[in-house]
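Student: In case you want the letters, here they are:
4 protein chains.
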Amino acid sequence: MAPLEDGPREKCGVFGIWGLPGAAAVTYRGLTALQHRGQESAGITVLRDGRLSTLKGMGLLSHVFSSWNPEELLGESAIGHVRYSTTGRSEPQNAQPLVFRLPAGPLALAHNGNIVNAARLRRRLEDQGAIFQTGTDTEIVAHLMARSKAPSARVALEEALAEVQGAYALLLLTPHALLAARDPHGIRPLQLGVLEGRPVLASESCAFDAVGAQTVRDVAPGEVLEIGAGGVTSGGARGAREAFCLFEYIYFARPDSVVDGRSVYAVRKELGRRLAKAAPVEADVVVGAPEASIPAALGYAEASGLPFELGLIKNRYLGRTFIQPSQALREEAVRLKLNPVRDVVAGRRVVLVDDSIVRGTTAMQLVRMLREAGATEVHLRVTAPPYRHPCFYGIDTSVAEELVARGGVEEVLRAVGADSLAYLPLEEVAEATGHAGRLCDACFTGRYPIPVAGGTGKFELEAQP
Amino acid sequence: MAPLEDGPREKCGVFGIWGLPGAAAVTYRGLTALQHRGQESAGITVLRDGRLSTLKGMGLLSHVFSSWNPEELLGESAIGHVRYSTTGRSEPQNAQPLVFRLPAGPLALAHNGNIVNAARLRRRLEDQGAIFQTGTDTEIVAHLMARSKAPSARVALEEALAEVQGAYALLLLTPHALLAARDPHGIRPLQLGVLEGRPVLASESCAFDAVGAQTVRDVAPGEVLEIGAGGVTSGGARGAREAFCLFEYIYFARPDSVVDGRSVYAVRKELGRRLAKAAPVEADVVVGAPEASIPAALGYAEASGLPFELGLIKNRYLGRTFIQPSQALREEAVRLKLNPVRDVVAGRRVVLVDDSIVRGTTAMQLVRMLREAGATEVHLRVTAPPYRHPCFYGIDTSVAEELVARGGVEEVLRAVGADSLAYLPLEEVAEATGHAGRLCDACFTGRYPIPVAGGTGKFELEAQP
Amino acid sequence: MAPLEDGPREKCGVFGIWGLPGAAAVTYRGLTALQHRGQESAGITVLRDGRLSTLKGMGLLSHVFSSWNPEELLGESAIGHVRYSTTGRSEPQNAQPLVFRLPAGPLALAHNGNIVNAARLRRRLEDQGAIFQTGTDTEIVAHLMARSKAPSARVALEEALAEVQGAYALLLLTPHALLAARDPHGIRPLQLGVLEGRPVLASESCAFDAVGAQTVRDVAPGEVLEIGAGGVTSGGARGAREAFCLFEYIYFARPDSVVDGRSVYAVRKELGRRLAKAAPVEADVVVGAPEASIPAALGYAEASGLPFELGLIKNRYLGRTFIQPSQALREEAVRLKLNPVRDVVAGRRVVLVDDSIVRGTTAMQLVRMLREAGATEVHLRVTAPPYRHPCFYGIDTSVAEELVARGGVEEVLRAVGADSLAYLPLEEVAEATGHAGRLCDACFTGRYPIPVAGGTGKFELEAQP
Amino acid sequence: MAPLEDGPREKCGVFGIWGLPGAAAVTYRGLTALQHRGQESAGITVLRDGRLSTLKGMGLLSHVFSSWNPEELLGESAIGHVRYSTTGRSEPQNAQPLVFRLPAGPLALAHNGNIVNAARLRRRLEDQGAIFQTGTDTEIVAHLMARSKAPSARVALEEALAEVQGAYALLLLTPHALLAARDPHGIRPLQLGVLEGRPVLASESCAFDAVGAQTVRDVAPGEVLEIGAGGVTSGGARGAREAFCLFEYIYFARPDSVVDGRSVYAVRKELGRRLAKAAPVEADVVVGAPEASIPAALGYAEASGLPFELGLIKNRYLGRTFIQPSQALREEAVRLKLNPVRDVVAGRRVVLVDDSIVRGTTAMQLVRMLREAGATEVHLRVTAPPYRHPCFYGIDTSVAEELVARGGVEEVLRAVGADSLAYLPLEEVAEATGHAGRLCDACFTGRYPIPVAGGTGKFELEAQP
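Residue numbers (the numbering used here), protein chains in the order written: chain A, 1 to 465; chain B, 1 to 465; chain C, 1 to 465; chain D, 1 to 465.
Be aware that one or more of the hints could be misleading.
If several chains are the same, the list does not tell them apart, and a pair holds so long as it fits within one copy or across any two.
Claimed, not checked - List time: in silico EDC-like cross-link candidates among lysine to aspartate or glutamate, alpha-carbon distance up to 20 Å:
| hint | residue 1 | residue 2 |
| --- | --- | --- |
| 1 | 56 | 40 |
| 2 | 277 | 419 |
| 3 | 149 | 126 |
| 4 | 314 | 291 |
| 5 | 277 | 302 |
| 6 | 277 | 431 |
| 7 | 56 | 76 |
| 8 | 277 | 427 |
| 9 | 149 | 159 |
No lab work stands behind these hints, which were simulated from the structure alone.
For reference, chain A alone in the conformation it holds in the complex (with noise of 0.2 Å):
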């Protein structure tokens, strides 16, 4: 449900190709099936003939290369970046893949997460003299890399993580290597493809079908790849406990991508399933909330024996610029993005299967609509647990007080102005996954699986970029 205000979002994906004519084109149809994982800026650099050319702005991939000159870009490695700002406010500068001149040449970078030691890193940065040209954690890499004396950037990056605390997906472009790096847990995704027997590299699968490549495996947590003349070597610090992002499962990663090595689609059909058991209820017709919650709505259909149908339309040209910050403009923006069926759901029970609740206001608006549609009934049902923690690893989420799912069932019911309403219980999701035991659940249970500091009562909210 969550392309709404109400839902956590994830920051940014990324993609990269290294020695095939043509890179900055694949690498913009690879962004392309990426650009649900941020819509606020989009990048390309493309090397060439030792120098890197970047091409990047405020909106949406093609809105950015509108006017796309293929003569400025072209070469034969490229990555890219696509970026849902995790701060109010967004600018330009922020803007992805950042470029830097170091004294061994340009150095580009492309990063989805979050570094949770930045503002300490940064302040001693600034003490020895750095000058920051973004707000982004991102640059605290560049600035590390440029005070090292490795013989190579990939040595020089190595140096750079160890020092570096948090959850990323991280791609740099030389012009002499691509690399990529994933944080020791795995926390954000990061997968390696071929196409055409050249390397590829992406935030999710689908990428990789969009482009035609074929899906290698994924980056180990911790892993370093360094691809250049000489293929593609591996390296960096293994051996921390996996903890990959449950919300990717429930919510993030498209349907069609394969993460980590589950389905998006089976796993959230199967989280339908799970909750259609665990939380069943008299009614006559399952609705999902579009569009991430349709295959979990097909699940709880299938297992409850309940009709599916599709009761809620999305409006998919809905543009961003018109939804402004104020409830009353929130609230309508859900009228313009969402619309019912009344033949489907007028004079009936309704199932309504949602993927999560965190402010609440687009349920209660959900779940208004329906009513208003004839709906004689509305029984909201969710396939995680309440989100009660902020995510401090490239997830934007309200401080916690503003969760309402900190409050008890009772007290979210009477917020949404539902039925009735059940969560799946923890156990249920991770098992779903076919990954218990090495998720990060932090976000439902407050184990975080790198310390912020200050703890987790009383955080401190690092650099946010």
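Guided by the hints, dock chains B, C and D onto chain A, whose structure is given.
Tutor: Then chains B, C and D, alone, in the frame of chain A:
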């Protein structure tokens, strides 16, 4: 399936409101819900203190109004338009509403449809010295009105429409009135609604839902409405045979709309049910071509007892700018736009439900895509008869020779590479709409309700704006 | 002195060429030399393969063509236009060349001047059903031609001009010919030249110098030229009394131009010499108001024996965007535009030579500025008589009441604060031009060569485009 | 003569003000008067409520601020900059003021001049891990300050300047102070003024005239001014030999400016007078190359008794966008920019006074142009000695080999095609300025006041921003 290159394309959507402060903002929201009817240009004309102000441009509404300046568009009455050119060339000066300075005062027009005797009327007017500003047939109405000596804009409009032959839903705004007109056969849809006691008009009811208005009734075929200080007055020349456009139900209209009294969603589901009975097949799963064919696929699944799955995922961020005219790029565009869910189709016999086959290229690519994802069989089921005759009433289709469906079933089957192919017979389609005998089915039968110059065999394609 | 707010303003400059590859580039260069005649909008229409392409926009030529695309403007014939609106409002749709789609083919028009019976003609045309696209009087010519049944554009133009009263230099481009027309009195200038054997046309000879062309002759008053495959053919209705605009010599034209046979520089210097004899004064230095009055100041110095100095320096980078309409800002604008050289004027008695006084505000500021820089006396000498009557032939002046010169010398002297003030008598001005008896001096005498509706006392300002 | 391609080019102009509401508007007006010092980019940084806001971009001030939004630039202190790149490439990121986020707070810099040890300092800073954002030498000052542990920005600036060698006029703005610094030799000009009791700073006094400020004094060579809550404090390291740039007097500065105590107009007229005595010639008329050489031509006419005429008219609307790099286009550009007045030169022997000859191409074209207009003889008189050595202190000149003046008089005479040629000897030039012994004449003598790496014979052109 049609937003790709392969489907027939509807030209426009219109919205209007009279007498409510914030009319432009309401119109913007209404047009947002009609954006599926045209993405090439958008515009709004607003009336304030006897003056008309227009903001329009190329691209999506959200793009045209990205630097929305409320100061410029204050007013209590407005009309708006979204446009999809049916000609290859898209020219900025053709963006609507068109505005003319007549001696009697300014006049704004927004038009959905096609005037079939446009070339002849234009030639006659030019012989009389008229200078045309645009290539649209809409401008003919303004020139006819400019020559009228009628005492009011409404009478001038009725005089003008007496000379015009074609399919249209027209909105006109003057300093004194909002006029609405629907063609004598009712080919193009147009509805009257009410918002806070004030009249609103729209091509489809989903636009009323988006602004919180209630539907009052469809504008009758041949009716002319005058809305002004004296309320709503009905006139015009009624009595011709109704001929509602079948394609509005099959593909164009949004499923959450009610058009001429029928729920589009319900009609599509019924089409699917009838298709399952008319053309059953032994298979494992039913998949609909997103997004228009999902309801029909649900109907097919329901009637056949086979499970429905969301087997094709659509990328809703695909920009239009990247799509380019060559065949290679069009194929690539399909891969960017749609991606199969391997987990759903691998190792299975798939029923693919689609709404129409025009050139056949998209169907061919979907079939190939499903096979590559592991489908063992693909059975194509189409919710309409073969599409064999060009539309002259506001839908863009290729010249007759290009229509693949003009070939027999075997020929089409070979072209698209499916294991089997079946169409839904016209009588079944007509009955599913509940309007049998009151439909325009010219594209299937060649029986044109309005005579086209030169007959249907060797037609003259006049003034295609 | 006039580019500030205080002077009369000429409306436009035109340039045309027939039959030379690179016609658009030649026209661009020619218009560059005519930019002093209009800085509000600029445009070029070029003919290629029977089609007219137009590139035009608001602002200086260099701005409009900043992203010059030679591909779009290839062709061997072209006309161009620079425009200075005489009305307060400047509207993009009024930028010229205006292009019309007539049944006989496309037509482009570029016009310098003013049609005095424009309002009446427009009203008549609108009564016949004509719809006007712009607020320009130029469009009337197109509508009159559109109604003609004449066999050629040239005959249609002559028919149209028979109905038109006013001052004009007109260029028209069709797929078959370049037409040029000058009003019967020759009020507005227009010249014929030759470049590499092909005919060129321009408002002033400095445009021929800029492109390397040679002047052939002035287009005769009332003459219509048709330039096409058959060479240059002369027609039109000649014989009216010549009435060349005096202000072209006094202020409008560039000093390096020759207009109707007289060097503008030589005329201005002679004006200064005659002024020195007619209105001598004891002083130390002669200063001219930049830039138009520098030659006159040199003439004054020569005849008086006083030294000439460049006492006022003009900032040639002053953008137009910053100038805003309030009085305070206009005064500030003068200070940004002109600065006295203290070293030249401090402790000296200054003769300030200017070309005209309209509202008097600029003169007042120059006098104050010179005093602040230390001038002990400032004697204002004007190379024209008092400017007392509005111009209806293409020059923008305020309504008669605003013209400070309507007051007597004493009143003006008080207003501008000079120590003395003298004008050059009309006979002297006329003799200096060498065209005595063949001039339009209506702005000084109120004797209008073309009758203006309602007479000159209570005039009706028609259709001021 | 220099705004064409042939002259040396000054890099920049700066303006600053502290403590007056509307500071950005004042700075805009001040920069307008300095626009002749740089037309490539422009920008203003304004201080409000402890925050710095910057608006800058490529092109003229009027272009950069064409959509001036006063809301964005409110504040009581500001610095501004206009820039002319001395390198071939002009890059948007080099537009000034440059703004840096230092740990101590934000810092804005505006710089006119050139740091001769820039490459060495940059290499050292990069070895320490510094990442540079721009290609300007100005950024070095910020990096040196970022490394300082000094208690105030002023002390940090003085520490930084102790390492810097070169010619500079620097303005810095922090939330607490406006800092100004002039290089130890005073090569680049910088002046202090007062406007409504508040301190202002500018490269030339004409900027003070434009805003209505009064000149207080020149900033002394080596002086650092700190302007803040405590008023104006003077510091810095003075005592080096003064070496004012001769070219400011000969060509760069505006004639209405007073620079280091001398009226530029008076100096130029004196140069003309001395030239007439040093190199007399029998002739009929004296013409100056617009615009810089007009005062010198007046001086030549005065001392020689020959009449002065405005024989060359400059097109002040010539856009920069049209000028393109090829030789043919450059010649064409001269013809667009300047046009002789035939009436003045035809049949006459002309003395053409110019300020300098660098590549000689412009002089050659002027001579040819005058001959084509009928001049019987053309005698070139130059108000400076041959220009033989490159400038490293902020002026753009070609590498030494290209300087035509390195050849002897005969060689140059042949190149430009004049009938005679004479230069004004250096001693005469120096005496005309009134600063003999306190000038930088390196471009004429090769005696560089600041040592340049590698000596003057085989120089290293460092960090040319």
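Student: Run every hint past the structure and note whether it holds.
Tutor: Going down the list of hints, with the structure as the test:
For the identical chains of this complex, residue 56 and residue 40 are intra-copy neighbours only, at 11 Å inside a copy versus 24 Å across copies, given an alpha-carbon limit of 20 Å. In the homo-oligomer, the alpha carbons of residue 277 and residue 419 lie at most 20 Å apart inside one protomer (18 Å), although the nearest pairing across protomers, at 38 Å, exceeds that limit. Within a single copy, residue 149 and residue 126 get their C-alpha atoms as close as 19 Å, and across copies as close as 12 Å, so both meet the 20 Å cut-off. With identical chains, the CA atoms of residue 314 and residue 291 are at most 20 Å apart both within one copy (8 Å) and between copies (10 Å).
In the homo-oligomer, the alpha carbons of residue 277 and residue 302 lie at most 20 Å apart inside one protomer (11 Å), although the nearest pairing across protomers, at 22 Å, exceeds that limit. Taking the shortest Cα distances, residue 277 and residue 431 sit within 20 Å of each other inside one copy (14 Å), while across copies they are farther apart (40 Å). Taking identical chains as interchangeable, the C-alpha atoms of residue 56 and residue 76 lie at most 20 Å apart only when both belong to the same chain, with a minimum of 18 Å there against 34 Å between chains. With identical chains, the CA atoms of residue 277 and residue 427 are at most 20 Å apart within one copy only, with a shortest distance of 14 Å there and 43 Å across copies.
For the identical chains of this complex, residue 149 and residue 159 are intra-copy neighbours only, at 10 Å inside a copy versus 27 Å across copies, given an alpha-carbon limit of 20 Å.
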